[in-house]
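> What follows is the residue order along each chain.
Number of protein chains: 2
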Amino acid sequence: MKFHTTGLLTAITWVGYTSAQHFKRLGACPKLGCVFPPDQVDFFPGQYFDIRLEVHAPVNGSEAFNGGVPDQQFSFCIQKGDGACEDVSTFFNMTSEPELETWSFSYYEDLFAQDADEPTLVNVASKAYRALSLDIPGHYTAKLSYYNGSETVAHWLVRESPKEAKAKNVLLFIGDGMTQAMITAARLLAHKSINGRYQSLMQMDQMEALGHQMTHSIDSFITDSANSATALYTGKKSSVNALNVFADSSANSLDDPKVESVAELFRRRTGGPIGMVSTAFIADATPAALCSHTRDRDQYPSIVYEYLFGASALNGSFTWPTGCEGPDVIFGGGAEQFIAGPGSPNGTDFYKVFQEKGYNVVYNNTELQATGNDEKTLGIFSISNMAKWLDRQVYPENLLNQANSPTGDGTDAVDQPGLKDLTLKAIDILQARADKQGTGWFMMSEAASIDKMMHVLDYDRALGELLELDDTIRATIAHLKKIGQDENTLIVVTADHGHGFDVFGGADTKYLAAQTSDRKKRAAVGVYQNSGLSGYTVEKDSSPLNNTVVIGAQGPNFPVTWDPRYAYAAGFAANPDHREGYAVNKSGPRLPAVEVETDILDNVVNPSDQPDGEYHAPTSVCPDADSFAGFVVNGTLSVDQPQGVHSLTDVSVFASGPGSEAFRGVYNSIDIFFKIADALGLAADASDCDSD
Amino acid sequence: MKFHTTGLLTAITWVGYTSAQHFKRLGACPKLGCVFPPDQVDFFPGQYFDIRLEVHAPVNGSEAFNGGVPDQQFSFCIQKGDGACEDVSTFFNMTSEPELETWSFSYYEDLFAQDADEPTLVNVASKAYRALSLDIPGHYTAKLSYYNGSETVAHWLVRESPKEAKAKNVLLFIGDGMTQAMITAARLLAHKSINGRYQSLMQMDQMEALGHQMTHSIDSFITDSANSATALYTGKKSSVNALNVFADSSANSLDDPKVESVAELFRRRTGGPIGMVSTAFIADATPAALCSHTRDRDQYPSIVYEYLFGASALNGSFTWPTGCEGPDVIFGGGAEQFIAGPGSPNGTDFYKVFQEKGYNVVYNNTELQATGNDEKTLGIFSISNMAKWLDRQVYPENLLNQANSPTGDGTDAVDQPGLKDLTLKAIDILQARADKQGTGWFMMSEAASIDKMMHVLDYDRALGELLELDDTIRATIAHLKKIGQDENTLIVVTADHGHGFDVFGGADTKYLAAQTSDRKKRAAVGVYQNSGLSGYTVEKDSSPLNNTVVIGAQGPNFPVTWDPRYAYAAGFAANPDHREGYAVNKSGPRLPAVEVETDILDNVVNPSDQPDGEYHAPTSVCPDADSFAGFVVNGTLSVDQPQGVHSLTDVSVFASGPGSEAFRGVYNSIDIFFKIADALGLAADASDCDSD
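Respectively, the protein sequence lines represent chains A and B. For the first sequence, the working numbering gives the first residue as 1, with consecutive numbering after it. For the second sequence, the working numbering gives the first residue as 693, with consecutive numbering after it.
Since the hints were derived computationally from the structure, they do not count as laboratory data. In this text, a Cβ means the ideal position worked out from N, Cα and C, and glycines have one as well. Among the clues, some could well be false.
As the list claims (entries may be wrong) - Chain A regions said to be covered by chain B (calculated; three or more residues, Cβ under 8 angstroms):
#1 103 to 112
#2 177 to 185
#3 505 to 517
#4 561 to 571
#5 641 to 653
#6 660 to 667
Unchecked claim - Going by beta-carbon spacing under 8 angstroms, a handful of chain A positions derived as facing chain B:
#7 I194
#8 R197
#9 L210
#10 I222
#11 D224
#12 F501
#13 S531
#14 N634
The task is simple: from the sequences and hints, build the whole structure.
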């Protein structure tokens, strides 16, 4: 809905303003005049970005102003250091001024307003300036003037960056949702301890540098994977659901002000090959943020379209001079964006489009291993997210009857590679292509289902994914040594956010199942001295004379068994209603809560979710708790949430290889981008540029 | 109960053995022959330790053996490297062999056995060798031979250590129970963020070195504060409740095999002054482990007795040649161990005993600040644990009507110092005394109530304690600079274990209180984009034009307010039954659950625990949930647990000053001891010694 006005504007006093509400008019815009990129943004020298200016006039609500008429006569200037503030057109030598845009949007000021369905309407006047960059390091001040004397000031910094590269290649591993508590739990499961001393360690434990990064969003303290990936890849905090854009208030999710990602920058500066590897569907936020730009992470068809053709092709009216230009390796799930149909770009066979652009396309692990290393390669191995390590390696029968073949032929995707297969093959392709061009390479490899399984409270599956990630890092280091690239390659391992999760004791699953009341079942959990020792690394028939390390059934860095009688007991900082029995879910990922028909969206304990499948079948959605192995835990989340949620905790960063020392200490998520770009030496040569 | 036998023993085959159970025969003894120190123990050169050998004969149960007759003819030898295994008496040049001891003990093999009251009886034959040390670095093998061919082997390592000290002084801060998730939450509360960028940081964020340590116990994966402090101070993993001993199976908790702590070692090697500072009662585990040795951390009178007189004085039959010899500074709570009465050693006035040993004794902050720096000083500021920062600084009325004066006169301890007061004064005393002797100093300063408040789910109070710790570290660094000791002093900050805790969203406390059903109250919690921004750093009437950092009401590193309408929403991995409303508890620490009279020990929601005190008073122990501000959360812990419990997660280590680089990376809790002892250069001079 567009809004037009020509009314005169008068000076004003501000209405009272309550900060920190859940429901904000517009995330990174605390005033009525908005500048994007907002205050406190740092740029890498030469990194492309758009500017969006907005002036708001709330029609009603606590900030109602000027009769709902936004100032269209706003002005905007930029100054470098202590210099004069030059009009933006002059500063950037623009030949034309963008058109004024107007629109309106509405929001609820709080939950009471939402319950009463009393939205606040805001009218907006706006301009956008596209595809700019600041090449010269230093402080910049951007000032939006509006409403006859009001000002919104944004302090920007273009950081200094070394011109010399420390690393030729960068491999960024992301354990989605992985916290230190999860790494600790995974170590307990997979590594044998004797008298409190681990006999082997996680590969992450042994990296050269340890750091912590803060994951919060620009306008809320809990992040999702889209805006956290944006922070890691662009050095810019953004909003939940936003990929490489700052969130504006317009309805069009493709017109929000964009920023350039490290993958785009690497491609533009070096021409070197790019790898995108994930166990999620490949249009999911963490891989998507390498190469796409949208306010709405759910626009999967446009996201994969942008992988090949860039942002300008998506929406020709907004110039964007850079892009991934078809990543050299794209490996993951998500065939629904490639099989001709409702999920693919314009309903086309998007495999065919990739083939036409010169890609090898592979659909299973056998084909993956057999394909050459010289061509760009698209590997799509399932519809939706790929199979979990625990199902592939321990309970393979769960891969059957999924009808998830990436070809769309309705068969099961049973020959799926794991993260290690994907990553090692990706290295070989990237290295072959980089050798041909005389460049390095950049890859992101994501263990996506740590997060996805924590969401459904399936911590065993999540920790299986985490152990697979650790095993992949170990194999990667060995492989890089083998091909002589270990001294050229910076490896960074981190997460994008956490889930509130920790192990607090040990559970006697046999005793728990034998009890007939929920309160008695809780006595099965031992704490402190009764938490016991890990039963996951011990052969079931071992004797007191056997005090040696037992090699895991699925390799040396995995548990021997996933269903010991004495399981670890873990819990979440927040959860939906669910049932807990602490035994591994042998029949596939959990679904802890299900929706029931009421007047509101209401999720209750899933009657089919029995942590130990050997017990009584449910008979209704309100089952007798006594007939189940687990006991009922009522939720703490809003009942409209069927899953667990992300958490605030800082996450760990582990790094090895050239440039890894920069990853020590405590810093913000955005610093990861700068550290990687510094290591790769991607800074613009300021002498070649004329930024102002 | 003593047990005697002279029966002949025959060779055996082992019965089946299930590892990882909750209920173990004896922690670090997986076989029927036990060696303490057990397999995998490392020593610092010259560090004193006892040896305890046990041979077990279970009378019944799954390990029943030899008709319940233990082998009394066991032998024990030690070899260095590849040398011959010499009998222990020869190896240590002993003039006499210790007496054989015998006893019996019983335990339950699992929860079914406990429910049925079917204990397993074990008869034991044992010897103990006291006050030994190994001065020469290298590998040692200790072998216990028993039952005509069975063997229990312990591999010991005496680590290499530099002779040169890097640091003159060491200040070890322990945030009891402090995880990275808590540090992240505290940062959110106390430090203002603009557009996702913190305008100030925690002091911990800015330390020179970041590490992680693993906290697990020797015989269970969840630790308590006693055995984790033992690990940090002696470099030895031990059992829950054990202070500087390995847990043997005898009934006497003072005869368990001891190890020397870093405080004792520092005193013995350098003669320098020792400081013990805690906001807990001073006989609590974390301070106690500096200077006492017992299997049972609850023996408070004997613990404080040992502070002054050492372990040999406690129990003259067990030689222990070392001790703290009266720490130069003892500051904390716990007057009940000093006021003549049931809690004090032998019922004496123990203040008087300290005075007789030359101590200044102070009872409040005014006296603390006024006292000189030259004498040993005992400062006891309350009965039980000291007041919490939130009560001292924000809700001081909660200090009234406590009758907790340290003098025992029944008045209130209202003039209590905070951790910063305690620590800075302790530094001045230690420095003055060290200067006089020409030595350095060693201090441990504990923020004890991070843990104590997390136990009762009072996360606001816990985070107040954490912020006070951070503020103390900041002030300490400044003070050390001021007195010219910053380049002499290694500061190490860590925790002893975690609590499963994280922030997952923001709660609209006004909306929550206004809802009339538990399920609707849960809708007050916003997640992701609806988690909001911290309201703790914002003045309540700030306007959209006010975008500047607001200084905290209690100083720049604390929140402006503790009760914003939009509070953070946090939860625990495990909890007792309780009610949750996310508002600060203004009337004092929470008591989340209370015991009800049933046939078992059963804890239920405390009807008086209303996170926001402004709402309806409870009328019964089974209240109508709708009449309270919070909603009921059923527990996941055994119903005999009235509190939250510790968790598994690795905890962070921060260090600055000389030697701090050694604290980078990932390691075990025991390594903290070795790193500190290395930094202080406490290694024995092997050339002066004759260890074997």
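> If a hint holds in the structure, say so; if it does not, say that too.
Tested hints:
1. 103 to 112: The restraint on the segment 103 to 112 of chain A holds, since 3 of its residues have a Cβ under 8 angstroms from chain B and three suffice.
2. 177 to 185: holds (count 6)
3. 505 to 517: With 5 residues in contact (Cβ-Cβ under 8 angstroms with chain B), the coverage given for the segment 505 to 517 of chain A holds.
4. 561 to 571: It holds: at least three residues are needed, and the segment 561 to 571 of chain A offers 7 whose Cβ sits within less than 8 angstroms of chain B.
5. 641 to 653: holds (count 8)
6. 660 to 667: Per the Cβ count (3), the hint holds.
7. I194: holds (5 angstroms)
8. R197: holds (4 angstroms)
9. L210: holds (5 angstroms)
10. I222: holds (4 angstroms)
11. D224: Status holds, d = 5 angstroms.
12. F501: Holds, because the Cβ-Cβ distance from F501 of chain A to chain B comes to roughly 7 angstroms (cut-off 8 angstroms).
13. S531: Given a least distance of 4 angstroms, the restraint on S531 of chain A holds.
14. N634: holds (5 angstroms)
Checked against the numbered hints given earlier, the structure satisfies every one of them.
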